[in-house]
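Undergrad: In case you want the letters, here they are:
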Amino acid sequence: MAKYLLLKHYRGAPAAVNDLPMDQWKPEEITAHVQYMNDFAARLEGTGEFVDSQALAPEGTFVRYDGEGRQPVTDGPFAETKDLIAGWMVIDVDSYERAIELAGELSAAPGAGGEAIHEWLEVRPFLAAPPTIAE
Amino acid sequence: VTAQVDEALLRSLTPSVLAVLVSRGADFAAAEDAVQEALAEAVRVWPADPPRDPKGWLITVAWRRFLDAARADAARRRREGHADEEPAPSPASAVDDTLQLYLLCAHPSLTPSSAVALTLRTVGGLTTRQIAQAYLVPEATMAQRISRAKRTVSGVRFDQPGDVATVLRVLYLVFNEGYSGDVDLAAEAIRLARQLATAVDHPEVAGLLALMLLHHARRYARTAPDGSLVPLAEQDRGRWDTVSIAAGVEILQAALARDRLGEYQAQAAIAALHADAPTAEETDWAQILEWYDELVCLTDSPVVRLNRAVAVGEAVGPRAGLEAIMALDDSLSRHAAVAAYLHERAGDLPTAARLYARAAQRAPNLAERDHLTRQAARLNARRSR
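So the sequences go chain by chain: A and B.
According to our numbering, the first sequence is numbered sequentially starting from 2.
According to our numbering, the second sequence is numbered sequentially starting from 637.
Be aware that one or more of the hints could be misleading.
Distance windows between CB atoms, simulated [what the hints assert, rightly or not]: (1) B:V952 with A:D84: 39 to 49 Å; (2) A:Y11 with B:T747: 27 to 37 Å; (3) B:A860 with A:A109: 52 to 62 Å; (4) A:G105 with B:G863: 23 to 33 Å; (5) B:D965 with A:G88: 45 to 55 Å; (6) B:R873 with A:P131: 56 to 66 Å.
To spell it out: a stretch of chain A is covered by chain B in this simulated footprint if at least three of its residues, at any positions, have a beta carbon under 8 Å from a beta carbon of chain B; those stretches are [stated by the list, open to error]: (7) 22 to 30; (8) 102 to 114.
Derived, one-sided and incomplete: chain B residues facing chain A with beta-carbon distance under 10 Å [stated by the list, open to error]: (9) G863; (10) S864; (11) P867; (12) A869; (13) A993; (14) R1005; (15) D1006; (16) R1014; (17) N1016.
In case anyone wonders, no lab produced these hints; they're calculated from the structure.
Even glycine gets a Cβ: it sits at the ideal position worked out from N, Cα and C.
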């Protein structure tokens, strides 16, 4: 088994095919979308492949150390940041192919007009602990 | 058939047993350990040999365990060459021991999250695992949080008078926590508030208990089967729990009759007025507005002023409501959502839709975000039709 992070971006990913802001959808299309996401997670729990998922607020702040005895420097929130993570799902699957398959299904979530969004999701393998038998 | 120990009984006795040990001069952390051992012993022994006086049994066994541990500790300290310091017996406390335990767990030296964890563990008798699950943190993290909290309050003298208000804030936090594991935190907060109400005669304790009962009464109507939020005005009032409402109203009326108003009583009064309306249209907004005015006097909180603006919008009119929020900082959580609602009521749909979308971006949780996005979508769809 290997863990993968499926990353959803507010910004930074290539534009989705069905790319319309959610507040321009019909209310029932939003309901259908939310239902699809819930069902997807429930199904992965059922197959024993779901680990975790989390949505993030759109505004973040950059922070860095500014030396002994000083308050950390903060910057932002940025409206113009190129990359903005919207949320993630962590899955634990048997193969890279399975991770790709599931990300593809997640990207098919319905959007405006009830059509699949075709949004780009980023699939990132976890760096795992070294195996006991290495030779 | 294996006899089972009544777990609810054990949990309800735990705080008073612990409180007795601490009031006899036991250090808090040591007393807690001793009580845990006594509980484990009860689970082993009671099925075959149930005691006639469960509480007395637990106190006897826990106190013995505490003395054993204290003696072993003293012997170890003597071996290590430390002088043996006898703990000074604390004076008999004038206040109920259970109340003292609540006060200790909500001590001002604790951070809110520590006070919440310690209260659920010590007064509530929940396991560390249950608390960890309820707050979605690893069990080891919660165990650390609780043991640090115990160390923090270990030096606090048990007979020092505390402020019930700190306890009420902790219980309010527990009740309001949206997360859920296998423990219903809202129900747990109500249980703890009830227990507190029997230990102390205080109108704000009653006020908080009433507030919780009145909100808990709406729990099944608050979310749709798909998990989406149902706003108060659209809830199926037939699904409100009338028993819980009646209990809340009765407790509130008794508290208000004592004429020592506080913020929880005022909030409960608002909840009671909502509960009293057979339909959303029949809500007595004029009275609700009066209670918000009281609340503003009591708390002077911007959040209360924001909620008051909604009541102004209903009692006087949306324009008046919008005027009321003009004076408030728009970075306030839910400011955009309230403004959106009032603009919609005033008939300005484009502004309302834009504000709902902005409110969705700032929503503090997923359910609210989805709800606000849907509101924006609803107005946008109506305009494009």
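Undergrad: Determine for every hint whether it applies to the structure shown.
TA: The hints, checked one at a time:
no. : hint                           : verdict
1   : B:V952 with A:D84: 39 to 49 Å  : 47 Å, holds
2   : A:Y11 with B:T747: 27 to 37 Å  : 32 Å, holds
3   : B:A860 with A:A109: 52 to 62 Å : 24 Å, violated
4   : A:G105 with B:G863: 23 to 33 Å : 25 Å, holds
5   : B:D965 with A:G88: 45 to 55 Å  : 28 Å, violated
6   : B:R873 with A:P131: 56 to 66 Å : 60 Å, holds
7   : 22 to 30                       : holds (count 8)
8   : 102 to 114                     : violated (count 0)
9   : G863                           : 7 Å, holds
10  : S864                           : 7 Å, holds
11  : P867                           : 14 Å, violated
12  : A869                           : 16 Å, violated
13  : A993                           : 4 Å, holds
14  : R1005                          : 8 Å, holds
15  : D1006                          : 6 Å, holds
16  : R1014                          : 5 Å, holds
17  : N1016                          : 6 Å, holds
Of the numbered hints listed earlier, those contradicted by the structure are 3, 5, 8, 11, 12.
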